[in-house]
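Colleague: Sequence:
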Amino acid sequence: MCYRGRSLAQVSIAIGRVVPALSTSLFATILTVAGLGVLDWRFLVVAVVTVPVYVVGLRGYLAKAPAIYAAERAAMAGRAHQLLGAIRGLESVYAFGLTGALCSRIADYSWAVVRWSMRAMVVQNRLWSRLNVAEFLGMAAILLVGFSLVGKGGFTVGATTTAMLLYLQLFGPIRSVLLVVDDLQSAAASLGRIVGVIDEADRYDLDPTANRSVNGSSPKRGASSVGLALPVRVEKLGFGYRPDRPVLHDVSLTVRQGEHVAVVGSSGAGKTTLASLIAGVHQPDSGVLEVSAQRVALVTQEVHVFSGTLASDLRMAAPDAVDDELLAVLRAVRADEWVSLLPQGLETEVGAEGHELTPMRAQQLALARLILMDPDLVILDEATAEAGSAGADALEFGAEAALRGRSAVIVAHRLSQAALADRVIVLEHGRVVEEGTHDELARGGGHYARLWEAWARYR
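Following UniProt numbering, the numbering of the sequence shown begins with 1 at its first residue and continues without gaps.
Because the hints were derived from the structure by calculation, they are not lab data. Mixed in with the good hints there might be a few duds.
[Stated by the list, open to error] Cβ-Cβ distance ranges computed for the label pairs, FRET-style: (1) G172 - D323: 52 to 60 Å; (2) R331 - T437: 28 to 36 Å; (3) G258 - P66: 58 to 66 Å; (4) H282 - D336: 33 to 41 Å; (5) G446 - E337: 40 to 48 Å; (6) G151 - V45: 13 to 21 Å; (7) S286 - G405: 44 to 52 Å; (8) R450 - D393: 20 to 28 Å; (9) G238 - W111: 41 to 49 Å; (10) S252 - L342: 58 to 66 Å; (11) R331 - A454: 32 to 40 Å; (12) S286 - D320: 40 to 48 Å; (13) G446 - S286: 25 to 33 Å.
Cβ atoms here follow ideal geometry from the backbone N, Cα and C, with glycine treated the same way.
Construct the entire structure; sequences and hints are all you get.
Modeller: Next comes the structure, spelled out in structure tokens:
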């Protein structure tokens with residue numbers, strides 16, 4: 001949307017320049033040529049004879065410029081899409097450690113813009129050099145004609161000088177017209193992209209209400225204590241977004257190798273905050289937080305799809321992955337069926353101004369990306385909450401595939417996830433109030449038992 005607005009601005013600016021420049025230049029050219037004709041018809045012939053040289057130079061320019069300007073605009077659009085995608089999915093970038101890959105991709109697009117801009121400048125310089133040749137030939141011809149006329153006694157040196165000055169006055173209007181042509185080429189490239197976007201929207205009948213929210217995932221930066229036996233150890237953890245309003249109080253928990261720990265509690269209990277701390281999004285105010293896992297991934301209910309092809313989105317997590325590997329992880333999260341129905345399969349453009357994915361499909365894509373990343377520790381923060389009843393089973397299947405063989409902390413939106421976990425932590429008002437297996441807590445008559453009973457009754 002940002003680049004589309006810039007393209008419209010480019011067209012508007014060009015149109016605003018064209019009409020005044022053309023009218024002024026045309027008027028000045030007519031007056032100058034008329035003046036040459038009044039002095040002597042042979043000067044007028046000289047001016048007319050140089051026109052083909054201008055035409056040849058302009059034709060050479062027009063043969064190459066449109067394609068170069070179109071490629072330059074496409075490169076600019078690609079760079080803008082990558083930048084916007086990175087900003088919108090900043091948490092995903094941090095979560096999967098994609099800063100290097102994204103910076104490299106943005107740098108590639110930026111250098112593409114530079115290369116095409118340089119090529120456009122080369123074409124412009126060639127045009128100006130040909131114009132200089134035409135101007136030089138015209139000046140030489142004016143001098144020769146004037147010298148001949150003065151020698152025959154039918155013309156004065158002053159009149160010849162006047163003819164030369166009039167001819168020099170043609171350079172300004174002609175250059176103005178050619179500059180307008182350059183603006184028009186740039187505007188035409190922008191207009192072509194605008195028309196292409198409109199045509200593409202009509203072709204695919206994109207739903208303007210489709211979800212465009214971002215995918216939350218954040219990394220554990222600087223995972224500490226590599227030699228620890230436990231992937232996660234939290235002791236008496238305290239944290240608040242404001243110093244005077246703590247969110248977590250003396251939270252303690254551990255996650256063993258390969259263990260799945262579910263965190264449940266009512267809204268506002270601090271579940272997401274705890275997940276963000278373990279993932280490294282925030283730093284604790286007090287207590288101990290040790291994470292031995294070298295690769296940590298956080299997937300939340302907020303989904304983000306990076307701009308580009310579906311394959312390039314997946315390769316953000318594994319740049320060297322081949323298509324067969326991409327299809328394998330898509331099958332693992334049950335996304336292969338809808339991917340096969342996309343217009344170009346893995347090469348379909350997704351993300352901003354590409355093919356829109358539903359929230360469930362975007363979440364499946366995030367889970368597939370997670371499997372490709374192959375982290376040691378996975379944090380799922382209500383990752384199936386946005387699927388609705390129709391897609392919850394598919395997302396839970398995908399989440400199970402993503403967690404297989406890995407340590408995991410699961411912020412459970414659906415208590416069916418907690419029932420499958422190895423251990424359950426119950427948070428209330430930022431404190432751990434219960435801990436144990438699902439069976440133990442469900443029979444214990446405490447807070448979790450009441451949550452489970454209510455959930456089972458209305459499921």
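Colleague: Does each hint fit the structure? Answer for all of them.
Modeller: Hints, verified against the model:
1. Checking the proposed 52 to 60 Å range against G172 and D323 shows it holds: the Cβ atoms sit about 58 Å from each other.
2. At about 32 Å, the CB distance of R331 to T437 agrees with the hint of 28 to 36 Å.
3. Taking the beta carbon of each, G258 and P66 are about 60 Å apart, inside 58 to 66 Å as hinted.
4. At roughly 36 Å, the beta-carbon separation of H282 and D336 lies within the given 33 to 41 Å, and the hint holds.
5. Remark: the range hint 40 to 48 Å for G446 to E337 is upheld by a beta-carbon distance near 42 Å.
6. Under the hint 13 to 21 Å, the C-beta atoms of G151 and V45, about 18 Å apart, fit the expected range.
7. Taking the beta carbon of each, S286 and G405 are about 34 Å apart, not inside 44 to 52 Å as hinted.
8. At about 25 Å, the CB distance of R450 to D393 agrees with the hint of 20 to 28 Å.
9. Distance hint check for G238 and W111: the Cβ-Cβ separation is about 47 Å, which falls inside the suggested range of 41 to 49 Å.
10. At roughly 46 Å, the beta carbons of S252 and L342 sit outside the given window of 58 to 66 Å.
11. Checked against the given bound of 32 to 40 Å, the beta carbons of R331 and A454, roughly 36 Å apart, stay inside it.
12. Taking 40 to 48 Å as the suggested C-beta distance range, the pair S286 and D320 conforms, at roughly 42 Å.
13. Judged by the Cβ atoms, the range 25 to 33 Å given for G446 and S286 holds: they are separated by roughly 27 Å.
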